[in-house]
Structures are given as C-alpha cells and as structure tokens.
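Student: The lines below spell out each chain.
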Amino acid sequence: MAVDEAASPVDLDSEELERLMRSLEGARAALASRIIGQESVIEEVLVGILAEGHVLLEGPPGVGKTLLVKSVAEVLGLEFSRIQFTPDLMPADITGSTVLGYDEAGKPLIRFEPGPIFAQLVLADEVNRATPKTQSALLEAMQEHTVTVASQTHVLPDPFVVLATQNPIEMEGTYKLPEAQIDRFLLKVTVPFPAKGVLDQILASHGPRLRPLERSLDTDSVRKLQGLVRTVAAASSVRSAIVELVYATQGDARDAGIAAYVHHGISPRGAQSLLAAAKARALLQGRLHVGMEDVARMMGPALRHRLMVNYEGQARGLTPDGVVEQLEGIVAKARA
Amino acid sequence: MAQVRTRAPVRPGGSAVELLRLLEASRRQDLVNRMGYDLLYALILAAIAFATTALAEWVTGRGAAPEPGPGPLTVALLVLAGGLVAASARAIISRPPLEWYARRIDEAAELPLTITTALELTTATIRVDSALVREHTIAAALAALRAPSSVRRPPPRRPVFALLWPVVAAVGLAHVPAVVTLPERPSPFDLQAFATALQEVAGAVLDLAESPGASQYLQSIANEFQVLVAEVNESKVTADAATERFEELMSHVRTALAGDAAALDTVLDSAGAAQSLVDQRAQERARDELSGHKQEAMAQGGTTADSPLSDGGSEDSGDPQDLGHLDVDAERRDDGTGGPFYAENILEYDPNESEYAQELPEIKALREALEHMNASFAMPVGEADGEEAGVFSNDDAAVPDGIETAAADEEMRLPTDTDASVTTRVDAPVVEDLIAVLDGSVEVGAWRREGENVVGFDALPAGYREFVQRYFTYRSEGPGLR
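Chains as they are written, first to last, in numbering that gives the first Met the number 0: chain A, 0 to 335; chain B, 0 to 481.
Simulated from the structure, these hints should not be mistaken for lab results.
Mixed in with the good hints, there may be bad ones.
Said to hold, decoys possible - Chain A is nowhere near these chain B residues, computed Cβ spacing over 12 Å in every case: (1) Arg20; (2) Arg27; (3) Ala88; (4) Ile91; (5) Leu118; (6) Ser129; (7) Lys235; (8) Ala238.
Stated by the list, open to error - If the Cβ cut is set under 8 Å, some of the chain B residues that face chain A in the computed set are: (9) Leu79; (10) Pro111; (11) Val132; (12) His135; (13) Gln215.
Ideal Cβ placement from N, Cα and C applies to all residues, glycine included.
Based on the sequences and whatever the hints tell you, model everything.
Tutor: Put into structure tokens, the structure is as follows:
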C-alpha cells in the first residue's frame, strides 16, 4: 500500500493535544491490562512506535512478546502483519514478488504482489531464525521504508514499524543478526521474566479467551503523535549529555574507563536514536520537552544493541547493559 | 510524512516575558540569599576568630611571652570585613546567568528541565517549529515558577566555598599592608619585653646609685632592682607580681631622689630644661658664627679668625654640619671646661650643683627609661585604637629634641628601602660622637655598656633599630649623623 507523501498537514491545538495525550494514556493502560507486569516494556514499545523506529524484542519464550505486539497493533488501530521467520523463509516471502496475472479486461500482465512487509505494524517473529539473506531483506524496508522488487520501488505504508522478536536462549538453528541490521532497530527491548507476584496475577487473570482491547488511537492519531515527537524541544544540556555519552564510548574518550572495554561505540545514529526515544518518552509522560530523566530512561533500550564489548570487557564479564550502567553516571553528572 | 502545523503562530508572547521576569526575580532573590549567607558565615567566623584569639591570648599570656599581634577584636573585625568584601565580590563577580537559575530551579523542584527548556525557547537558544510545544513548555515553566517560593529559590551553591570566602578575603586583607596595617599591641604579659625594659631601668638606677653623693637608700633600691631583674629573667615571678614590685621600687626611687637631691626633682619635673639649654647654646653658637671669626678670635686671645683651630677646639668644631660636635665645642668654648654633655667632664661634675645635676646623663637616662617603660606598658588590653602604639609609638619621644632639631637643620635624609634591607649590622659611630649627640638617651647608655664599637643590629631592641636607622649612618657612609 502506497502512502501519500503529500499528506495534508496535521493541525494541532491544545485541545487536540490533550485528547491525543488521553488516548495515548488509554492505550498504555489497555496494554498494561493485558500484558501484566511489563509496564516498562510497554512503554518502550510505544516509544519506539512514536519515535518512528523499529523495536527488537528479546526475551525467553513465553513471556508475551508476540502477544504484546499483537496487542499494540490492536490498541493503536494499525494495520498488522505477522511474519514467522524460519530458516527456509525467502526474501520474496517477505517483500512480495511479481506474478503473472490478468487485468480487468482479461489481458495478461505482470503485477507486484506485496508481501507481508506491507503493513503498518509488522511482527517479525523469531527474526533470528531466518537466514542472513532473508534478514537482509528487511534492511531496505526498515531504513528507507521502501521495497524494491524487479527494479521497481514500492513505498511502505505510513506509519511503518517493525517489531521483531528473538530468543536469546536457543542458538541452535538461529542466525545472529548482523550489526548493520541491528543498528536499524531504534530500540532493543529486553522482556524480562515476570516476577512471582506478576506471574500469580497472570495466572489469576488467565481466561479461556482474551478479551478484545478497545482501540484507543488510529492511524491519523499515531501520525500526529509521531510528528509531534519530532517537534518536542530538547534543551542544549540534553544534547550535550548525549554527546558526552557518545564520546565516552569512543576510542579517544576522555573517560577511558568505559571506552577501554568497548570494541565499537555508539554511532551518531545511535545518538539520534537516543534523543528521538527521549523525545517520545517525554511525550508519553505528557511533556513537550525532554528531560534528562528521559535520556537516562531510554539509554538502555537505545544503546545496548549498539555497543560491542571487546575481549577484555568480556573477560571481565562486562555486558552492553553493564556499559550502559556505567554511562548512566555521565547522565547523572549532567543532571547535577 | 505527516507534518505538524500548529494554528498559533510562533511569536514572543506575554508568557515569555513573564518567564524572564520571574527568573530575574529569582536571580535577585538568590543574590540576596547568597549575600545573606556570606554575611552569616562571616559573622560566625568572626565570632570564632574572636573566641580563639582571646583564648590563645589568655593561655599564652600565662606562660611565654607571645609576639605582639592584633587583638581578638581586631581579628574578628578583620574577618567580618573579609566577609563583607567576599559577599560584595561574589555578588558582583559571580553573577550566574539565567540559565543557571533555570537549571537550579528545575533540580530543586525535580522538574525535567522544564524551566531550562522554556528559557531556551524564549531566548531562541533552541528552536522548534511548533508554537504549541513552545507555549506548552513555557506554560509549564510558569506554573512551576509560580509555585511556592521554596521552589523558586535555589539553594545556596557550594556552602563550603561560601564559608571559605570570608577567610580567604580576611587573609588577603591582612597581607596587604597598604590596605590594612595591623596595630601591634604590646602584651601586658610580655615578660621578655618587661625584662628588657626592667634591665634598662635597673641599669639607670644603678648608675645613679653609684654616682657620687648617692644615698645608701638608693643603693639598696638598686640592689632590689637587680634582684627583681634576676627573678624576672629566671621567670620566678609572674608578670603581675613583677609589675607590682616594679611600681613599688619606682616609688622608692622617686622618694630617694627627692630626699637626696632637690635638683633631681627639678630634672624629673621639667624634662625640657636640659633641652632648652642645648637649644640656647646652639643659638648662641650660631650668633657667634654670624658675628665673624675675627671678632671671635680677638675675644679668644689674638688667634686669627681664619684658622680652623682658632677656638682651641677640635677640627670637628669648625664643621658646621656636625652639630653634635658643635654643641660639645660650644660648651668647651663658653666655660672653658667643656659642658656637662661632654663625657670627659662627667666625673668632674659636682652633683650638688643644680646645673650639672640637671644635665647628668644618668638622670636623663633614667627619665628616658621611665618614659620608655611607660610607653611600653601603658596601653591596657584590648584598647588598640587603630593608632600606632607600643614600643614604636614613642620612639620620637625617646629621641632628644635637640637631635631632631640638629638633624632637621642638616636636611636629614630618611633611610631608603635599600638601606634598611641590605644592612643587617649597624656599626656604631665613633664613641665621642655618640656621647656628644646622644648623651641623655638610654639607647646610648646601652650601647656604651656593650663596650663594643660594633653592635649587632639584631641585638638591639626593636625600638632602637628604628632609632639607629633614622639618626645614624652606616659604616660605609662614615660615622655621624644623617
């Protein structure tokens, strides 16, 4: 489905802003009522969507990753598509292909049959089970929001969001996502195993069938919110803090204590992603300006998949999340 | 891609002005707070300085004699002045921009950079296309600023540094002599100074007692003085007891002098009598010179006036620049025996003659020593009034007026900085010069008692150093007055 690039500008006033905010809060509450005990995951997923990014959900099987994505599509009123990645999945199975058909006059023609990627919200379930060739088919779609088949470029719908899941436990029969593709994801959300109390609530609320969620937003509202996120104001101190974060992970970092364990630091795109995520998070909090706490909150999801720990760091048991924890000191310093 | 276009145009509105006004008010309030904190700190420090200084003085006053220094009140006032200077300097120099206040208020109110962002939007530090975002953020900032004053008032920045400011400023002030000159105040418990002065007085009394015609009573007093000197030197007596005994002995001295020689009373009561005589004779000498050498030579017995030795005196007498020798020779010319200032004639004096008794160097030495003693110990504790006091204050009084007059006539040159800094030893002038010029001063007596031609400058009491520097040349410049 092609998207009209020349879409009419969205008018927005304070009343409408209030309405959108209430709707957004309703969507979050609805998701929280279904995905119990994963409020932070819900927030991060919504942030990814509002920031026009793609989200990689990582967690053990059975913690509600797929359910979350389906619920998000349901609540936001977005066109949903699910792709179950398997080793024999081919790129054309995702992007679509040209087929021989007939027009209304019965005249034969070759037409493009869109694949499941042509949706507003795409669930790439167990994305690391597909071969790298198939995984790379997502690259252009995720980055350019277009698909090129048979020398013809097709524009993906707007909004276009890929929510991919992967299982970090099973390594047999999986293909690790290349760094270039991982970098396309705005956020990498870790879905934790629920706590005992949360698990008890899940068991108590489990019924024979899931109740349908009320749609809180629609495509137009999501577009407006995405456009609003871009205009969220970020003070110069916020930008300075992000710059410090990026340079702290580079080779010539002043804080060599962190950079010494980082093989590949945060890229400029990573910095942009962090700021965009912070803006979206600020909007989720009902603000039109970014606070340092938004940066601190989104550091983990926005940076953990962009950091590569070197051998020395691995030998010390350091993980990307550990590096992010150390980077939080810079943000705390900037907040003080 | 959808665009967000807001209906409200981007323009500076009243809310932005209100934001700046509130932030400026916050800055003023903060400056007042900080100055208040600074002054409070300075007040506390001044109180502490006063207490510690007073305590230190009380403790050390019972034992070894401390160096004369500023009193507790002076120290406290100095710290307080430092605090005032520090507060003013911080208010003038350290005037943070509005952005700093915005950040501080955000932190104090736990706001997510609301006021900071609003200020940047107002001042166009950052730009957004959406007027809605701008106005919404500014509205949120205004709401926070209109909150209770505790939110709008940022806490003092780095109170530790604010605490140090007055101290630093006070120390800085104390080290700028051109700005602040600390009045040195002699301590009444300074046994060292007391012993030095007592030694001088005892020496003068002893000289007086050993002079011909002195009574046994005076000699016994002199012995008592020696005993007191020994006890003070050995710290066998307290300052109070030593002072009391000193006063008692001095009363005995006055009684003995009144009983022994009535002329002595005249000397003690009319301190300027001897000086008047010196001045009178100097004037006579000047008139003699003006009247012409020939006439003077005829009066002296036919010697030509052109001869520099025509008056029978030394060559120095012919040098009008050397007033010390001038006085001596004038005395010798007038009465043919030399004057009472001349050392060779001291032993020939009849103590019963009032004129001679008035000019006895021992008597003048005693008088000068008493004046010096009174000057050193006259000021009570804590009454430093800002004027120079103590051993330095009466140096001029310790100098015979005749010397000042003579020195002024000779275009006295004050010592330069080079003179004072380079010279660490002062070579005594020729003994005759000292005797002739400073016959009545206790300083000369002290020098003579040293029995040396060279007296170490450091060995001299502080008051004498200035005296010597003012009126004597160094060896390289030759002996004599400046």
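Student: If a hint holds in the structure, say so; if it doesn't, say that too.
Tutor: Status of the hints after comparison with the structure:
| no. | hint | result |
| --- | --- | --- |
| 1 | Arg20 | holds, 20 Å |
| 2 | Arg27 | holds, 23 Å |
| 3 | Ala88 | holds, 26 Å |
| 4 | Ile91 | holds, 27 Å |
| 5 | Leu118 | violated, 9 Å |
| 6 | Ser129 | violated, 4 Å |
| 7 | Lys235 | holds, 65 Å |
| 8 | Ala238 | holds, 57 Å |
| 9 | Leu79 | violated, 33 Å |
| 10 | Pro111 | holds, 2 Å |
| 11 | Val132 | holds, 4 Å |
| 12 | His135 | holds, 5 Å |
| 13 | Gln215 | violated, 87 Å |
When the structure is compared with the earlier hints, violations turn up for hints 5, 6, 9 and 13 and for no others.
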